[in-house]
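Trainee: Chain by chain, the residues run as shown.
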Amino acid sequence: QQQVKQSPQSLIVQKGGISIINCAYENTAFDYFPWYQQFPGKGPALLIAIRPDVSEKKEGRFTISFNKSAKQFSLHIMDSQPGDSATYFCAASNNNDMRFGAGTRLTVKP
Amino acid sequence: GAGVSQSPSNKVTEKGKDVELRCDPISGHTALYWYRQSLGQGLEFLIYFQGNSAPDKSGLPSDRFSAERTGGSVSTLTIQRTQQEDSAVYLCASSLGGPYHEQFFGPGTRLTVL
Numbered sequence: 073q074q075q076v077k078q079s080p081q082s083l084i085v086q087k088g089g090i091s092i093i094n095c096a097y098e099n100t101a102f103d104y105f106p107w108y109q110q111f112p113g114k115g116p117a118l119l120i121a122i123r124p125d126v127s128e129k130k131e132g133r134f135t136i137s138f139n140k141s142a143k144q145f146s147l148h149i150m151d152s153q154p155g156d157s158a159t160y161f162c163a164a165s166n167n168n169d170m171r172f173g174a175g176t177r178l179t180v181k182p
Numbered sequence: 003g004a005g006v007s008q009s010p011s012n013k014v015t016e017k018g019k020d021v022e023l024r025c026d027p028i029s030g031h032t033a034l035y036w037y038r039q040s041l042g043q044g045l046e047f048l049i050y051f052q053g054n055s056a057p058d059k060s061g062l063p064s065d066r067f068s069a070e071r072t073g074g075s076v077s078t079l080t081i082q083r084t085q086q087e088d089s090a091v092y093l094c095a096s097s098l099g100g101p102y103h104e105q106f107f108g109p110g111t112r113l114t115v116l
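Protein chains in written order, with my numbering: chain Z, 73 to 182; chain D, 3 to 116.
In isolation and in its complexed conformation, chain D is listed as follows (with noise of 0.2 Å):
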């Protein structure tokens, strides 16, 4: 089947205002996680959810992000009142959840904040 997807690819934004990133994980997984990359930096982990479980949201940087993933499937990625320094691509990824399974990333959505 497919792999992930994140949709929109890019998105330009104006400081201040609110955006929405999709991710659509691969069918079955389990275990969804949001990664930020910014320019010539590592996969800083956002959040992580498992099933029916809480989320893990121990790496959102501000109140201002949120996350939530519907039915078990498809998550969106929230950022509110975006600022400059959240300029970045973030990556979506999706296992089968457990130790030891691989996590398979989606292509990214880059967001540039003006």
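So that you can see chain Z by itself, here it is in the shape it has in the complex (with noise of 0.2 Å):
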């Protein structure tokens, strides 16, 4: 079963706009939330994350916004750029367990 579920499936967004990915998720015992960035032909790279003591943390032009009793969390991606098309994946985790939403395809259009 996904444990992780994530959408949109793909999202289109102009230059300059907001990117907003949500994912949920199903087991109160995971206790930490990545996001992971993927780029043709790369594997994965961890992007930002969150731990569920608190309800927002933002890097940069990356936010995560974390709402614990809702078991929601969301990555918003301010000023989106062109640079910024790439596969993003939500996860979460317990200890070593690590379980991934099927991921958003992102376009930023110039």
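Derived from the structure by calculation, the hints contain no laboratory data. Please note that a few of the clues may not be correct.
Calculated lysine-lysine pairs in the DSSO-like style (CA-CA distance at most 30 Å, straight line) [stated by the list, open to error]:
{"id": "1", "chain 1": "D", "residue 1": "13", "chain 2": "D", "residue 2": "59"}
{"id": "2", "chain 1": "Z", "residue 1": "77", "chain 2": "Z", "residue 2": "114"}
{"id": "3", "chain 1": "Z", "residue 1": "140", "chain 2": "Z", "residue 2": "77"}
{"id": "4", "chain 1": "D", "residue 1": "17", "chain 2": "Z", "residue 2": "114"}
{"id": "5", "chain 1": "Z", "residue 1": "181", "chain 2": "Z", "residue 2": "129"}
{"id": "6", "chain 1": "Z", "residue 1": "181", "chain 2": "Z", "residue 2": "114"}
{"id": "7", "chain 1": "Z", "residue 1": "143", "chain 2": "Z", "residue 2": "77"}
{"id": "8", "chain 1": "Z", "residue 1": "143", "chain 2": "D", "residue 2": "19"}
{"id": "9", "chain 1": "Z", "residue 1": "129", "chain 2": "Z", "residue 2": "77"}
{"id": "10", "chain 1": "Z", "residue 1": "130", "chain 2": "Z", "residue 2": "140"}
{"id": "11", "chain 1": "D", "residue 1": "13", "chain 2": "Z", "residue 2": "114"}
{"id": "12", "chain 1": "Z", "residue 1": "129", "chain 2": "Z", "residue 2": "114"}
{"id": "13", "chain 1": "Z", "residue 1": "114", "chain 2": "D", "residue 2": "19"}
{"id": "14", "chain 1": "Z", "residue 1": "181", "chain 2": "Z", "residue 2": "140"}
{"id": "15", "chain 1": "Z", "residue 1": "130", "chain 2": "Z", "residue 2": "143"}
{"id": "16", "chain 1": "D", "residue 1": "19", "chain 2": "Z", "residue 2": "77"}
{"id": "17", "chain 1": "Z", "residue 1": "114", "chain 2": "D", "residue 2": "59"}
{"id": "18", "chain 1": "D", "residue 1": "59", "chain 2": "D", "residue 2": "17"}
Hints are included, so try docking the two chains, each in its own frame, into the full complex.
Mentor: This is the structure we're talking about:
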């Protein structure tokens, strides 16, 4: 069964716009929520991560919002750039058991 | 040092053949993971090694799939009697182990079963 549900499957945003990707999880034991970015032909790379003791984490143009009661978290990309075009995966883990969402293919149009 | 490396980068095989995929993790990383990424799909967990502990094989899709990790370093994923539905990118990742540690991914092996 899919333990982490991610939406949308694909997203097209104009340059300068805000990209928003949402994830929801089932297992309340998850205690670490990273986002990975993957470019074509490459393996995923960690972008930003959050623990459930905070509701928001911001790194540059990237922000994670976390809602523990709703078991949801989201990635916001401000001032989206064509170089942000990639596939984004949310994940949730408990110790070393990490489960990934299905991915969102983001295209930022110039 | 170098990142996670995987070989081969591409593998084309005929249905029914066995294949071996190799992963060299980052030196010093005690945890090693294998994932499968099918076209347009997410990352499907296959197997996890942590130090000398028994591996977590809960994600292996069938008994045709097996993996080993020798000397706590290099890992090999073996698929026996390959089927067309095994076609995917197989990704390896390593980490320092324990909670909250980043997984570093290799570039993957693209397997095509004809």
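Trainee: So, for every hint listed, does it hold in this structure?
Mentor: Each hint, compared with the structure:
1. 13(D) / 59(D): holds, 23 Å
2. 77(Z) / 114(Z): Cα-Cα ~23 Å, so holds.
3. 140(Z) / 77(Z): holds, 15 Å
4. 17(D) / 114(Z): holds, 26 Å
5. 181(Z) / 129(Z): holds, 26 Å
6. 181(Z) / 114(Z): holds, 21 Å
7. 143(Z) / 77(Z): With a Cα-Cα distance of about 11 Å, the restraint between residue 143(Z) and residue 77(Z) holds, given a limit of 30 Å.
8. 143(Z) / 19(D): violated, 43 Å
9. 129(Z) / 77(Z): holds, 21 Å
10. 130(Z) / 140(Z): Between residue 130(Z) and residue 140(Z) the Cα gap is close to 17 Å, so the pair holds against 30 Å.
11. 13(D) / 114(Z): Holds, at about 16 Å.
12. 129(Z) / 114(Z): holds, 26 Å
13. 114(Z) / 19(D): holds, 27 Å
14. 181(Z) / 140(Z): violated, 33 Å
15. 130(Z) / 143(Z): Between residue 130(Z) and residue 143(Z) the Cα gap is close to 19 Å, so the pair holds against 30 Å.
16. 19(D) / 77(Z): violated, 35 Å
17. 114(Z) / 59(D): Judged against 30 Å, a Cα distance of about 25 Å means the pair holds.
18. 59(D) / 17(D): holds, 24 Å
Taken one by one, the earlier hints fail for this structure at numbers 8, 14, 16, listed in ascending order.
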